[in-house]
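Using the sequences and the hints given, assemble the complete structure.
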Amino acid sequence: MAENQSSVVSAKKLGLTFETSDGPVHALSNVDLEVKKGDFVSFIGPSGCGKTTFLRVIADLEKATSGEITVNGMSPEEARKSRSYGYVFQAPALYPWRTIEKNIALPLEIMGYSAADRASRIERTLDLVNLAGFGKKYPWQLSGGMQQRASIARALAFDADLLLMDEPFGALDEIVRDHLNEQLLKLWARTEKTICFVTHSIPEAVYLSTKIVVMSPRPGRVTDVIESTLPKERPLEIRETPEFLEIAHRVREGLRAGHSYEE
Amino acid sequence: MKRLVRHWQSLLAGILAVAALTRLPLTLPEAANPVGNGMTIAAILVVVVVLMQAIEESGPALRAVVLFLGAHIPAAMLLSGVAGNEGYMSAGFFLLIAASWLLAWASVSELSQIETRSTGLGWLLKLLIPAIFGAWLLIIWEAITRGFGIPFILLPPPSSIGTRIAGSVAILWADVQQTIFKAVLIGYIVGCASGFVVAILADRFAFLRRGLIPIGNMVSALPIIGVAPIMVMWFGFDWHSKAAVVIIMTFFPMLVNTVAGLAASGAMERDLMRSYASDYWQTLMKLRLPAAMPFIFNALKINSTLALIGAIVAEFFGTPIVGMGFRISTEIGRMNVDMVWAEIAVAALAGSVFYGVVALLERATTFWHPSNRGG
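Chains C and A are the protein sequences, given in the same order.
Under the working numbering, the first sequence has 237 at position 237, and the numbering climbs by one with no breaks.
Numbers in the working numbering are just positions in the second sequence, counted from 1, shifted up by 1000.
These are calculated hints, taken from the structure and not from any lab test.
Be careful, since some hints might not be right.
[What the hints assert, rightly or not] Here are the computed lysine-lysine pairs in the BS3-like style, where the Cα-Cα straight-line distance is at most 30 angstroms: (1) A:K1126 x C:K63; (2) C:K137 x A:K1002; (3) C:K136 x A:K1002; (4) C:K102 x A:K1182.
[To be verified] Estimated spans, in silico, between C-beta atoms of each pair: (5) C:R190 x A:N1217: 55 to 65 angstroms; (6) A:A1267 x C:A119: 29 to 39 angstroms; (7) C:G48 x A:W1123: 55 to 65 angstroms; (8) C:G23 x A:G1226: 50 to 60 angstroms.
[Claimed, not checked] One side of the interface only, derived from the structure: several residues of chain C facing chain A at Cβ under 10 angstroms: (9) P107; (10) E109; (11) A132; (12) F134; (13) R154; (14) R256.
Ideal Cβ positions, reconstructed from N, Cα and C, are used throughout, including at glycine.
Right under this line is the structure:
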């Protein structure tokens, strides 16, 4: 299907330089990337490689200083103003004065959804992230994993086909993280969204993605793009198969190649 | 040894009561109205101390009740014996007062050990413990001023302040209406509201923020003593000039705190609003104002006391013949110190109620803040 292959994010020779008092920092340089509709793309690399910066450029939270980028065929600013993505941050960033359901209602209120529509969307997304029955709780009454699930529900509540996730499970322990990864894959299959996912965990990237973008620092750049050969249906046990380990090996090689020990 | 540490107040009270026996009677030989119940009072205290050792194993509630009665019955008997003997009380009197005070202390420490699940009883305890504390402050004040015969002008005993309050309710009420309900409340509301509105404007327009905040800091350092007479010149003798002083005093704490509060929301929360393409007012109403609430309430609490001070002091500089500040400045000139103290008591009460209402509102509004969550 042609529509399935349409480009959601397209970057050409993208560069971003921060001017600091110590001179310019090249956060991104010459990044070329295509994200197709329905892809699950992971960005992996050591800290300082620009993976979060790239996500923030897509989200129009940073402006590129050179090159071109389109999101849904528009400039990032137009895409942001037409509310075409949901963003999940490293921390839940739930508002403590709002209950979980009011937090999920926040983007819906801002975007002007009707009260009835809000209620049905809250119920549906709470169900999607397995938080049904917790809507009346305040964020600080929930565990870290539940808070992060609520923040995912908040990003899913409105009609954006693109989900940008910046190390959403980075602060959680491994057992919770495995569980959430599994749920995220199911959610992706059910909602058919396009997901850009920043991580620094190799198993997480390989387990989740259809495409893995390996990045390296100074300057931040893409060193390898790996198309995953794993099937769409992925039980947790797939992580012990030779196929999985081979992809993980290639990611690790890519990371090592891009890593400089000059300092 | 452990027992000694646990009961040191009541044991020391027993020792003081026994020591008082050697210093009886309660009044000095020159006293006009000698009292002879010193032996009885000392006996009651000793009995309570012994009883405490006997009911060592019972719960804190029973021990607290015994101590409470054992402290307050002797105290009441002692104070009633002072009448007519002001300044002529013996060392025995003061020893017995000290002994009763120690028993009251012990009763408070027993009360604070009571663990209860019922919220009603919990509230009662929360009120009872500070009430006993406050009562003893007054009892000791009464015993010292009257027992030593301290001149009325220096420090009147609380009982005569109480009598004065009871006898001047109409005057005090008129003063409260003039000072609190007009000058303080109106000035407070106008000052806080305008500080808040200007803070929003300063947040929206950078030139206001850059220009106004430094000047604000300067104006808030202006001495109220200097400003008050000028306000009286401008706005006349009635409450309007006092409200103006209160507005000047409350405006800048509110402005500075609100501006700081509006900057308090985190970068991630603001990025989130940006990702929703939320406009300035939506971000203000849904993120930045709620996040600023703890700061705004800080200003409201600071201002509640500033407003009271401002209104009372401003009345020293010209006022119609009513108002708390007016009353204080004229009655001290007429040596009616009890009336001054009566006004002070009323001002303290009004200030506490004012502060308490703001604090309750704060708890209801910023229940989510980490400092309020537990309770």
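Worksheet item: In this structure, is the beta-carbon distance linking G48 of chain C and W1123 of chain A contained in 55 to 65 angstroms?
Response: Cβ of G48 of chain C to Cβ of W1123 of chain A: about 56 angstroms, so the range 55 to 65 angstroms holds.
Worksheet item: Does the Cβ-Cβ separation between A1267 of chain A and A119 of chain C fall within 29 to 39 angstroms?
Response: 31 angstroms, holds
Item to complete: Classify the hint on R256 of chain C as holds or violated, based on whether any CB of chain A lies nearer than 10 angstroms to its CB.
Response: 32 angstroms, violated
Fill in: Holds or violated: K136 of chain C to K1002 of chain A, with C-alpha atoms at most 30 angstroms apart
50 angstroms, violated
Worksheet entry | Range hint 50 to 60 angstroms (beta carbons of G23 of chain C and G1226 of chain A) holds or violated | 53 angstroms, holds
Discussion item. A range of 55 to 65 angstroms was offered for this pair. Does it hold for the Cβ distance of R190 of chain C and N1217 of chain A?
Written reply: 57 angstroms, holds
Practice prompt. Given the hint that K102 of chain C pairs with K1182 of chain A, test it: the Cα-Cα distance must not exceed 30 angstroms.
Written response: 40 angstroms, violated
Worksheet entry | Hint validity - F134 of chain C Cβ closer than 10 angstroms to any chain A Cβ | Where the cut-off is 10 angstroms and the nearest Cβ of chain A is about 16 angstroms from F134 of chain C, the hint is violated.
Worksheet item: Once the shortest beta carbon distance from R154 of chain C to chain A is found, is it less than 10 angstroms?
Response: 9 angstroms, holds
Item to complete: Identify whether the interface hint at A132 of chain C stands, where standing means a beta carbon of chain A within less than 10 angstroms of its own.
Response: 23 angstroms, violated
Worksheet item: Under the criterion that the straight-line Cα-Cα distance not exceed 30 angstroms, is the pair K1126 of chain A, K63 of chain C satisfied?
Response: Violated, because 57 angstroms separates the two Cα atoms, which is more than 30 angstroms.
Discussion item. Please check whether E109 of chain C passes as an interface residue: C-beta within 10 angstroms of a C-beta belonging to chain A.
Written reply: Status holds, d = 7 angstroms.
In this structure, the earlier hints numbered 1, 2, 3, 4, 11, 12 and 14 are contradicted, and the remaining ones agree with it.
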